[in-house]
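Peer 1: Could you slot chain B onto chain A? The hints should help.
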Amino acid sequence: MINLNIADIDRNITEEFSKASDWFELYEMIIASGKAIQGLADEDRTEENAVPGCQSNVWLKTGLEDGRMMITADSDASITRGILSLVLRVLDGQRPQDILDAELRFLDDIGLRTNLSPSRSDGLNSIIHRIKESARMMIET
Amino acid sequence: MLDVDRVRADFPILGTKVNGRSLVYFDNSATAQKPVQVMDAVREAYMVHNSNIHRGVHHLSDVMSGLYEDARNKVAKFINAREEEVLFTAGTTQGINMLAACLAESEIGKGDVVLLSEMEHHSNIIPWQMACAKVGASIRVLPIKDDGSISIDGLSDILDEKVKLLAISQVSNVLGMVNPIKKITQACHENGTLVMVDGAQSVPHLKTDVKELDCDFLVFSGHKLHAETGIGVLFGKKDLLEELPPTQGGGGMVDKVTMTSSTYAEVPQRFESGTPNYVGAISLAAAIDYMMSLGMDDIIEHEKVLNGEMMRSLGRIEGVTVYGDGAERCPIYSFNIRGLHPYDIGQILDKMGIAVRTGNHCAQPLMARLGISGTVRASLSFYNTVEEISDFIDGLEKAVSILE
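So the sequence lines, in the order shown, correspond to chains A and B.
Anchor point for the first sequence: position 16 equals 16 in our numbering, and the numbering is continuous, going up by one each time.
Anchor point for the second sequence: position 232 equals 1232 in our numbering, and the numbering is continuous, going up by one each time.
FYI, nobody ran anything at the bench for these hints, they're computed from the structure.
Don't take every hint at face value.
[As the list claims (entries may be wrong)] With a straight-line cut-off of 35 angstroms between C-alpha atoms, the simulated DSBU-like cross-links for lysine-lysine are:
1. B/Lys1074 x B/Lys1304
2. A/Lys19 x B/Lys1074
3. B/Lys1110 x B/Lys1182
4. B/Lys1238 x B/Lys1110
5. B/Lys1207 x A/Lys35
6. B/Lys1145 x B/Lys1211
7. A/Lys61 x B/Lys1398
8. B/Lys1017 x A/Lys35
9. B/Lys1256 x B/Lys1238
10. B/Lys1207 x B/Lys1256
11. A/Lys132 x A/Lys61
12. A/Lys19 x A/Lys61
13. B/Lys1207 x B/Lys1164
14. B/Lys1077 x A/Lys19
15. B/Lys1207 x B/Lys1077
[Said to hold, decoys possible] Here are the simulated distance ranges between beta carbons:
16. B/Gly1136 x A/Gly53: 52 to 58 angstroms
17. B/Arg1140 x A/Glu103: 52 to 58 angstroms
18. B/Met1292 x A/Asp109: 33 to 39 angstroms
19. A/Asp109 x B/Val1386: 53 to 59 angstroms
20. B/Ile1372 x A/Asp22: 49 to 55 angstroms
21. B/Lys1110 x A/Arg136: 47 to 53 angstroms
22. A/Ala7 x B/Lys1145: 57 to 63 angstroms
23. A/Asn12 x B/Val1141: 50 to 56 angstroms
24. B/Thr1275 x A/Asp109: 47 to 53 angstroms
25. B/Thr1247 x A/Gly53: 30 to 36 angstroms
26. B/Met1130 x A/Asp22: 35 to 41 angstroms
27. B/Leu1060 x A/Asp22: 42 to 48 angstroms
28. A/Arg136 x B/Gly1136: 46 to 52 angstroms
Every residue gets a Cβ at the ideal spot worked out from N, C-alpha and C, and that includes glycine.
Extracted from the complex, chain A is given alone in its bound form (with noise of 0.2 angstroms):
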């Protein structure tokens, strides 16, 4: 398998879902988006796995394979699954040191940073700190 690039990748994502011509629309493609990821089984749904900081249940699985970096990730909220799934599309089976590196700036394009609640923001920061500290052991290790 080839992997794009992250930055390829985020700008895929940025184009895709600039096409939205409102805010609801661009919520169905988001939580379609969601419904089209695997998730996570039952068993790895566990207080371990679980991301704080959301209001949602978030949980997070990272390993290394081949020297790239596998996620998975679950939540039982809708949106926060689709928001889930992006994040995943952009770094999941990249290597630590460029998860480490990347901006994730379709967050900012596509307005979901500013745009949703700071409780939210906070929570899509928690997620985002919790894979960049996954690949910084993964480098250390």
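Peer 2: For chain B alone, coordinates are given in the frame of chain A:
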């Protein structure tokens, strides 16, 4: 009848546009908006009268002390208490913490029991857990029925000589139903049990009469009553307050002080150490003046209309579950729609300018009792309208269509 258009003009924030739409503010149980009359009173307090109260010989201090005591008098009248029975606090949470700390040094001892209803807000649970842990007392739970109500028979069964205090909300911040406090205090007093009523959600919506309720203590917050944040009230029956030891020492609460011991001032000053939030007290008095000028009867009548409309409209949404039944209620509605996540619904409503709250509402034990992890909560005030309910219902229908 309330002239709602005129009332709304007193609340400039209600004219806010959110995402290009007119704000529908249905988060009044979290905090209520402030009328210009309250903001003007605060401004005037700082512009014209500001000075630390009591202890001052000069003109301004004298004026401000008078205004502070006038505010106490106004609160006392509003809840039908005596002036010396009204203590100013920082809010409901601080009031409960203070009372729990005082009682833990006097009325509640080792082996005693504090009774809490299953519907309480965390702020009416944790201070009692802390107090009980300190003295070796324990918590007992007063269960609720499936419809969210309290059973008086159930209460009588659970009371025994160990139960020194019942702490219960008059209206739950989730269920919105009015608990029969008068019957509850009667049953408790027959058992020699004190009753503390959490009035945070009830005082803004009902006529409060502590004599009629016969509760021993009542706490509430100013900010939910259209006053500033950081001001609240702890009412206590005078003979009880006089017996309680103060737990916070400082200036203003003493009579004579030496380096090794002190004698305390009379109530209520004994419980108000340090510089009190006197401007907050003035804002609370202004908020009470404002509500009295509208008339509690008219407020209640208008909220009844809103209640009827909410119940009818929510009932029309397919698969909706409203938590908390009962004819007598405040306009607080917690609900879920089929399996949809409350947070998703709240986010989409926000896009339409509709402010609601989602989550467990600081009532995790109640959520566990209801077998859910959270709800959407719409809480209304007297400045809300039937048209806003219609916008809210349209918003809910839109949310359902996006999420399903």
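Peer 1: Mind checking the hinted window 47 to 53 angstroms against the Cβ distance between B/Lys1110 and A/Arg136?
Peer 2: holds, 51 angstroms
Peer 1: Quick one, are A/Lys61 and B/Lys1398 close enough, alpha carbons at most 35 angstroms?
Peer 2: holds, 33 angstroms
Peer 1: Could you grab the alpha-carbon distance between B/Lys1017 and A/Lys35 and see if it respects the 35 angstroms cut-off?
Peer 2: Satisfied, since the Cα-Cα distance of roughly 32 angstroms is no more than 35 angstroms.
Peer 1: B/Lys1077 and A/Lys19 were given as a pair; does the straight-line alpha-carbon distance stay at or below 35 angstroms?
Peer 2: violated, 60 angstroms
Peer 1: Does the Cβ-Cβ separation between A/Ala7 and B/Lys1145 fall within 57 to 63 angstroms?
Peer 2: Given range 57 to 63 angstroms: holds, Cβ gap about 59 angstroms.
Peer 1: Can the suggested window of 52 to 58 angstroms be confirmed for the beta-carbon pair B/Arg1140 and A/Glu103?
Peer 2: holds, 55 angstroms
Peer 1: Quickly compare the C-alpha distance for A/Lys19 and B/Lys1074 to 35 angstroms and report which way the hint goes.
Peer 2: Violated. A/Lys19 to B/Lys1074 sits at ~58 angstroms, over the 35 angstroms cutoff.
Peer 1: With the threshold set at 35 angstroms, check whether the alpha-carbon distance from A/Lys19 to A/Lys61 stays at or below it.
Peer 2: holds, 31 angstroms
Peer 1: Is 30 to 36 angstroms a correct range for the gap between the Cβ atoms of B/Thr1247 and A/Gly53?
Peer 2: holds, 34 angstroms
Peer 1: Does B/Lys1207 pair with B/Lys1256 here, judged by a C-alpha cut-off of 35 angstroms?
Peer 2: Status violated; Cα separation ~40 angstroms.
Peer 1: Given the hint that A/Lys132 pairs with A/Lys61, does the C-alpha gap stay at or below 35 angstroms?
Peer 2: holds, 12 angstroms
Peer 1: For the hint 46 to 52 angstroms, verify it against the beta carbon of A/Arg136 and that of B/Gly1136.
Peer 2: holds, 47 angstroms
The structure does not agree with the numbered hints 2, 5, 10, 14, 16, 18, 19, 20, 26, 27 stated previously, though it agrees with the rest.
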